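Colleague: Residue numbers (full-length UniProt numbering), protein chains in the order written: chain A, 1 to 255; chain B, 1 to 263; chain C, 1 to 660.
There could be a bad hint or two in this list.
What follows is a list of derived Cβ distance ranges for each label pair [stated by the list, open to error]:
(1) N601(C) with E153(A): 53 to 61 Å
(2) V274(C) with S100(B): 30 to 38 Å
(3) A570(C) with G99(A): 33 to 41 Å
(4) R93(B) with E139(C): 43 to 51 Å
These aren't lab readings, by the way, just hints derived from the structure by calculation.
Predicted model, so just to flag it, every value in this text is computed and none were measured.
Note that beta-carbon positions come from the ideal geometry of N, C-alpha and C, so glycine has one too.
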Amino acid sequence: MSEGNMNLTLKVWRQKNAKVNGSLETYQVNGISEDMSFLEMFDVLNERLVSDGKEPIAFDHDCREGICGMCSMYINGRPHGPLEAVTTCQLHMRSFKDGDTIVVEPWRATAFPVIKDLVVDRSAFDRIIASGGYISVNTGNAQDGNALPIPKEEADKAFAAAACIGCGACVAACKNASAMLFVSAKVSQLALLPQGQPEREERAIKMVAQMDAEGFGNCTNTGACAIECPKEISLENIARLNREYLGSSIASTVG
Amino acid sequence: MSWLTKTLSSSIGKKVLMSLTGLFLCTFLVVHLSGNLQLFYKDGGYAFNTYAVFMTSFPLIKVISYFNYFFILFHAFWGLYLEYQNRKARSVRYAVVRNSSSWSSRNMAILGTVLLVYIVVHMGDFWYKYHNEPLPYVRYTENVQTGVKLATEMPANYTQDVKKIEISDFETGTRLIIVKDLYKEVSRVFQNPVFVLIYILGMFALGFHLYHGFQSAFQTLGWNHPKYTPLVRGISTWIFAILIPIGFAAMPIFFYVKHLMGN
Amino acid sequence: MSKKIDAKIPEGSISEKWTKYRSTVPLVNPANKRSIEIIVVGTGLAGAAAAATLAEMGYKVKAFCFQDSPRRAHSIAAQGGINAAKNYQNDGDSVYRLFYDTIKGGDYRAREANVHRLAEVSGNIIDQCVAQGVPFAREYGGLLSNRSFGGTQVQRTFYAAGQTGQQLLLGAYSGLERQIGIGTVTMYSRHEMLEVVVIDGKARGIIARNLITGELERHFGHAVLLCTGGYGNVFYLSTNAMGSNVTAAWKAHKQGAYFGNPCFTQIHPTCIPVSGDHQSKLTLMSESLRNDGRIWVPKQKDDKRAANDIPEEERDYYLERRYPAFGNLVPRDIASRAAKERCDAGYGVGTSKMAVYLDYASAIERYGKIEANKKGIHNPSREEIIVMGKAVVKEKYGNLFDMYKQITGEDPYEVPMRIYPAVHYTMGGLWVDYNLMTSVPGLYALGEANFSDHGANRLGASALMQGLADGYFVIPYTIGSYLSGEIRTKAIPTDHPAFVEAENSVKERINKFLTIKGKQSPESFHKRLGKIMWDKCGMARNEKGLKEAIEEIRALKKEFWSDVRVMGDADEFNPELDKAGRVADFIELGELMCIDALNRNESCGGHFREEYQTEEGEAMRDDENYMYVAAWEYEGDSKWSLNKEPLVYENIKIAQRSYK
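If we strip away everything but chain A, and leave its shape as in the complex, we get:
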């Protein structure tokens, strides 16, 4: 299968499972077309590994259109590769040059243990949401959708925060493996909307507590998360989370 004329050297992290150590393995891939997506290039490599009787490289992926948040490769030192505002699955080979060496590693964070090769366990994010990233409204409790007008600007801001796909690139990019951008996006979305007000204080406190319990690092405001975020979640959200958290801790009677 050779459709293009790019030849690349890949150095990919291989690790059998969570219990053993891994290492970078080198592979040559030839005949890559620049119209291929980065993951399709991996498909080509895997297909070849299988035909050579070797185990293909495990990597997470699903929708391949940049919205499910499942793909998670750390490419040449950057989460989701060289482009900004793009997930790995949307990255195309035209962003690379013939003869390039590409190093691919899994997300690295103590809170995201490697499952196999490039696949990591991000269930910590689910547990953070379960700790308070919701509005407690049982089905059937809702009033009419238009009963509560929301200023467009606030709604737009909430939407921008809600665009987070939970991929974990923020954690991967942060030198401290901090999950603040992820947590702040959800806290912000709900804090900006009137529906989120009743649980606002409790939410910030609970979600931060869960984030800390998962073993993520502390935020030192380097800003790498926001730069690498494929959905361009803004650092303003982290400031808002800080505000929400401190305000809730100090001023409220909660916690």
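Given the structure of chain A, go ahead and fit chains B and C onto it with the hints provided.
Modeller: Showing chains B and C alone in chain A's frame:
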């Protein structure tokens, strides 16, 4: 756990402690610099030396200074503890990292450690000597009418129990002031190019530390606003990362150059 | 022998059926709910909504998904919006009109009662989502914004930029996570359901494989809900996620659940064309783009000029020409076929010639002028207009345009996009009755996994509506009619022989995969299956092709089971093994789809049999002979019997569908 310890021991609370102590130290720097600018007065060190007396004897300032020492130590060791935690949050490192964040922001712990070493050297140079070593004294004779001051070194074995002796002679219209001559110690120390270099390096570290640190403190406290954050960043860069370190670095350079020119 | 099928549609007039039924369906009292366990497989809109709601009601819920988190389910990729008969735009919308549009859009092959119920609860969905914090688009006055979608003449589509599915799913997911946090739902991520356990004719549990450790697990449930999505990936290339599969539904089918209208697949007209053999999936450009974009091909065959060099009068806006009433907003099946027709006739564009243009130039100009007026700029220059127009388009569709640029390397603000139809959705699915129960008691199918609401063609922005309707507002009531009879059923221990047997059969199958040790990867079989399906059971089908396809698929199946190569082991994280299982099921399903397509000697909606078309090339239904749901019953390897559920239209006058 009370709400306060719970808050302060959370990741955000820990950072808030860094932020608040950091901002306090930033304020200190402004005061320290404006006071030390008196080194540039051509008054034989009068302003500087009396300022040193004031700073070490006025009760409120003394209390604040103890807070200051504590905050420096706290900021340093708390920062190192956070750095330790942050490193633990990534137990396996990347083979290749291409950073998108600023160099300063990633190296706060190293810069801070350099600064801590610097502060120890600096305090050993001046603070320790001022408090514990028999520095020579200087006597200023001021003509009250003209304000002109004459500095006279006191004999080497001269010493006094109080920090400052001030005698006004209304008949001659003069005022005598005798204080420790820290100014002279400063100019002596900065004749040594090694010290000058150490101080300049220290100020580089300070500049980079504050380039990230000052504005980061605001972010940690939740201050991020499209209208005002650019201002905070501007202050962080122009005042704290550039102006203040240059101001401080100018002192050793000034004395060294002065020394070279034979004054 | 075909059996009589009872869809259990309640008596009464269409507008009262649901209300009446809802208030008479038996209830399970709160104390009993606590001891009743429900298994929910799949955590998309239907699954997450159902799991959360049932847990809120007090049931013990176990939820399963194969992804690493319930938030990844493919509902997340829906772009355009969700319909609801709110009539906020005061344009004459009503429950009846939504009902009517959906039935007509589905080319009169959907069940009236289900569709009317869907329209009835559509408004509640919006309310529920708003209350959950879903950030829908709003007007400056703070009220909800709407846009129009294909197949309708009102504005009833609620949206959140081009990420409506994401926002709705995250809403449902947050509700689900809340229940997980409380402990009323136990979540099993990275678990794949590989068998339904049937005891005494009732679904009583599942066998699931832990995809990380490879361990097989037995789970008991008083009822099992399959919310596992559609099977569009049978075509290999589709807009579905790579992991989307038919396995859960197929296992259910083999355990006795009928498969309804498997051949009804939706080909979405606006996707980014295939660029080469390497292609692993296709990317949708939201139907909402048809709101403002104009679709055209050159009037001249094999025109080699660049799009922008072709003058206005030499462009054929074929949808506007053929369907003046709906223009670019005709339903998907019609838009897709029209594109195929033009390309097959030699008017296609791009290197492959299998694409048409979706052009935003005139929309940019139109918006630019409006914007200039708003800003009070008189006599703006053309450049100014274009700049302002691009800004408006960017705000409305920016993410889609970026995505297009990312994939194709072309800038859609400057040159028209190239689009071509691609497999997108499957209207067919497990046959369910009015309660959403399959033909296996206690086994339910919700959302895209069932066949019920979209007939032969789904209208845009209706999938999200159906998924959430089923999960939030239908199953919580209808499940009572079954579970009220199960309150005395104690949890069956999972060492019951039926569990043991089911687990063994799964184990055996996995061993088979690993021991064939052939030469070809599961992926390569999938690709070949996809090609057969697309060529012979795709946008247009005919008897000869379908017969060939059936033979080819049977041969492929044989080859698969003798020459597949699955690397790795059973007791580890092994995506190849997962893939092998899914491909094996797709192959069997592909055969059934062709059989169904061959059986249905008519054209309707997404099912277009070349033999059955009007002189103008429109689909020609045969209401006399085919106004039924084909509910296929599995009878053994490559053997099915056909059961028919007649469709009765009491409230809608059936007619030749016209969008002219």
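Colleague: Give a verdict on every hint.
Modeller: Do the hints match the structure? See the list:
1. N601(C) with E153(A): 53 to 61 Å: holds, 57 Å
2. V274(C) with S100(B): 30 to 38 Å: holds, 34 Å
3. A570(C) with G99(A): 33 to 41 Å: holds, 40 Å
4. R93(B) with E139(C): 43 to 51 Å: For E139(C) against R93(B), whose Cβ atoms are near 50 Å apart, the range 43 to 51 Å holds.
Checked against the numbered hints above, the structure breaks none of them.
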